[in-house]
Structure formats: C-alpha cells, structure tokens
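K.L.:
In this note's numbering, the protein residues as written are 398 to 590.
Heads up, a few of these hints could be off.
To be verified - No farther apart than 30 angstroms at their CA atoms in a straight line, the calculated lysine-lysine pairs in the BS3-like style are these: (1) 524 <-> 541; (2) 545 <-> 524; (3) 556 <-> 524; (4) 556 <-> 463; (5) 507 <-> 556; (6) 520 <-> 507; (7) 507 <-> 546; (8) 570 <-> 463; (9) 570 <-> 556.
Claimed, not checked - For each label pair, taking beta carbons as the anchor points, the in silico distance ranges come out as: (10) 540 <-> 485: 34 to 42 angstroms; (11) 539 <-> 504: 29 to 37 angstroms; (12) 524 <-> 458: 32 to 40 angstroms; (13) 515 <-> 579: 18 to 26 angstroms; (14) 485 <-> 517: 12 to 20 angstroms.
These aren't lab readings, by the way, just hints derived from the structure by calculation. On a predicted model such as this, the values are computed, not experimentally measured, just so you know. Glycine included, each C-beta is placed from N, C-alpha and C at the ideal position.
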Amino acid sequence: MKIKEILRKILRRLSITPPQRDYYRDWISDEGKIYRQKVCERQKKDGSKPLVANPTMDEIRMEIAKYNPSSVLEIGCGWGRLMEGLTNDFNIEGCDCSTDMMKMAGSNLKIFCWDIVKEGCPKELAKWDVLFCRGVFSSIVENKARLKKSIENTLNVTKKALIIWEWPEVLEKIRVVSTDERLILKPIEHLDE
398 MKIKEILRKI
408 LRRLSITPPQ
418 RDYYRDWISD
428 EGKIYRQKVC
438 ERQKKDGSKP
448 LVANPTMDEI
458 RMEIAKYNPS
468 SVLEIGCGWG
478 RLMEGLTNDF
488 NIEGCDCSTD
498 MMKMAGSNLK
508 IFCWDIVKEG
518 CPKELAKWDV
528 LFCRGVFSSI
538 VENKARLKKS
548 IENTLNVTKK
558 ALIIWEWPEV
568 LEKIRVVSTD
578 ERLILKPIEH
588 LDE
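Using the sequences and the hints given, assemble the complete structure.
P.N.:
This is the structure we're talking about:
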C-alpha cells in the first residue's frame, strides 16, 4: 500500500479531511504563488521530483496528429513543459490562468493568459483545430458549474478535438456535463508527482 493511501486512511479515521484543491487559490490568487513556484521547481526536469510521462510525449504527439491539425492549443500550459516537446511537430500555442507560471516559460513559446473557467477566449475570433490538456480539470471538477463553463469555453474555440488527459474519476464528471463528440477523454494513472 502506498504511503499516501495509508495517510488518507488514517486521516479518515481521525475525521481529518486533507486539504482540497482550490482552483483560484492554487492557480490564480497571490495566496497560491508560493505553491505554484514550488510545483514548478519540483517538477522541472532537473527538479527534486520531475513529472512522470503520464501520458508520454509520443502518446500526446500521436493523439494530436490523428486530427492533422494546422493549429494546436495547450490549456494550462504552465511553464511550457509539454509545449517544448511539441513545437517542432505542430503550430502550437499555450494558455494558462497563472501569469507567474507563464513567466517561467521559455521566450520561444507562444503563450497567453486565459482563465477557462471565467471568460470566453481573449483571442476573440480564434479557433484551434485541437486543444489538449493534462491534469487541468482535476482543479475544477468539484464545482459542477465551473466545470461546465470551462468545458463550454474550450469547446467554443475547438474545431476538431478537445483532448483531455485526466484521472478516470475526473473524466466521469466531465462526461456528466458534456457529451460533445469533439471531447476525447483519455485516462491517466494516479502517480505520485
């Protein structure tokens, strides 16, 4: 049994609830800035706990390529870790709601600020063939209204496919708020990152 699972069981027995993810606190507000910086430091290639390839770059590349896109947008691109591996294959842009995360991105990446929960796309007439993200909706999923709005906002700028890599329980909640045929839901494993 993994240590996290053991801790969760102990916390449940003690009636202590582990802290919940909070979209605005963790990714937008000043309160979450230190959290975001630590995530970046820890998960970069040379960090103390680099992100696991879940999915791998090849899996992401192959899934996007199925749609023969002329334009791709990564939602929740952060500092551009995934985008960096795809810039030679696709005409790709990225968006994130965290301006301090985007400041850590390489200057060669095309990135803009967009909070997919609150607003329509700031690039008013933009439409990308493929949008994709990994692990973004787990921060939104507990609020059904926010989840529904973010799915609507992203589908509004999607021509061919919105590919979402997420935990299976998050994908189930997404299926409840939208059955749009452009939604491509890909499960990822729960890995300690």
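K.L.:
A separate judgement is required for each hint: does it hold in the structure or not?
P.N.:
Each hint, compared with the structure:
no.	hint	in the structure
1	524 <-> 541	25 angstroms, holds
2	545 <-> 524	19 angstroms, holds
3	556 <-> 524	6 angstroms, holds
4	556 <-> 463	14 angstroms, holds
5	507 <-> 556	20 angstroms, holds
6	520 <-> 507	13 angstroms, holds
7	507 <-> 546	25 angstroms, holds
8	570 <-> 463	25 angstroms, holds
9	570 <-> 556	23 angstroms, holds
10	540 <-> 485: 34 to 42 angstroms	37 angstroms, holds
11	539 <-> 504: 29 to 37 angstroms	35 angstroms, holds
12	524 <-> 458: 32 to 40 angstroms	22 angstroms, violated
13	515 <-> 579: 18 to 26 angstroms	22 angstroms, holds
14	485 <-> 517: 12 to 20 angstroms	31 angstroms, violated
Of the numbered hints listed earlier, those contradicted by the structure are 12 and 14.
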